[in-house]
Amino acid sequence: DTEVTQTPKHLVMGMTNKKSLKCEQHMGHRAMYWYKQKAKKPPELMFVYSYEKLSINESVPSRFSPECPNSSLLNLHLHALQPEDSALYLCASSQGRGLAGELFFGEGSRLTVL
Amino acid sequence: SQQGEEDPQALSIQEGENATMNCSYKTSINNLQWYRQNSGRGLVHLILIRSNEREKHSGRLRVTLDTSKKSSSLLITASRAADTASYFCATDSYYGNNRLAFGKGNQVVVIP
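Here the protein sequences come in this chain order: A and B.
Under the numbering used here, the first sequence has 94 at position 94, and the numbering climbs by one with no breaks.
Under the numbering used here, the second sequence has 159 at position 45, and the numbering climbs by one with no breaks.
Possibly wrong hints are sitting among the right ones.
Computed footprint of chain A on chain B; a stretch qualifies when at least three of its residues, placed anywhere within it, have a C-beta under 8 Å from a C-beta of chain A [said to hold, decoys possible]:
1. 175 to 183
2. 214 to 220
Ranges between beta-carbon positions, derived for each pair [stated by the list, open to error]:
3. GLU3(A) / GLU129(B): 27 to 33 Å
4. THR5(A) / ARG174(B): 24 to 30 Å
5. LYS140(B) / THR7(A): 34 to 40 Å
6. THR181(B) / PRO8(A): 40 to 46 Å
7. LEU189(B) / THR5(A): 30 to 36 Å
Read the hints as simulated data drawn from the structure, not as lab findings.
Note that the structure is predicted; figures quoted are calculated from it, not measured.
C-beta atoms are modelled at their ideal positions from N, C-alpha and C, and glycine is treated no differently.
When you get a sec, could you build the whole thing from the sequences and use the hints?
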């Protein structure tokens, strides 16, 4: 079982909806990540938070808005998404300042945009 | 940015056989990691090998790293049906701003 918990597991939303994906870890990790993964492709980095501050935004469209309320929680707010945004969204965490260490992934949130 | 690339892309084997997959990369690296992903699930870290290491074992897994050829291999011995998954290598390097770069992945199917 993963120690990174993501909710919801599945989400279907229309292009005008506003929804959020949530991620929680209690391993004391100080770096948290959002990845997007399309079918049969590797994960693509979206955002990295290090010590609760956004350290990397991989030129992600503004319709995706990350938030790190505290060191254990990471949210991804979704608004006005497009059908091509349908994917598996993975949260991960790592020790220290992150970027290159072992990543602990959640099970993902499967997003479908209609 | 640098990416590891695995070869072959798809592998189908009988239970009990060994499975070998390869990963190549383009620039010098700090570390190389292997992850497993079961269908529709998150990735699970398998093993990390540092650039100054040549071989590492973990249970039925054996990873080798050849920095002169810029390649790594993952061997799964005595495969089981539960090993059916996608396997990704991931590298980090100074040239990639120390970000973890995932390769394309290998799909392994173990037939019971």
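Evaluation of the provided hints:
no.	hint	result
1	175 to 183	violated (count 0)
2	214 to 220	holds (count 5)
3	GLU3(A) / GLU129(B): 27 to 33 Å	30 Å, holds
4	THR5(A) / ARG174(B): 24 to 30 Å	28 Å, holds
5	LYS140(B) / THR7(A): 34 to 40 Å	38 Å, holds
6	THR181(B) / PRO8(A): 40 to 46 Å	43 Å, holds
7	LEU189(B) / THR5(A): 30 to 36 Å	32 Å, holds
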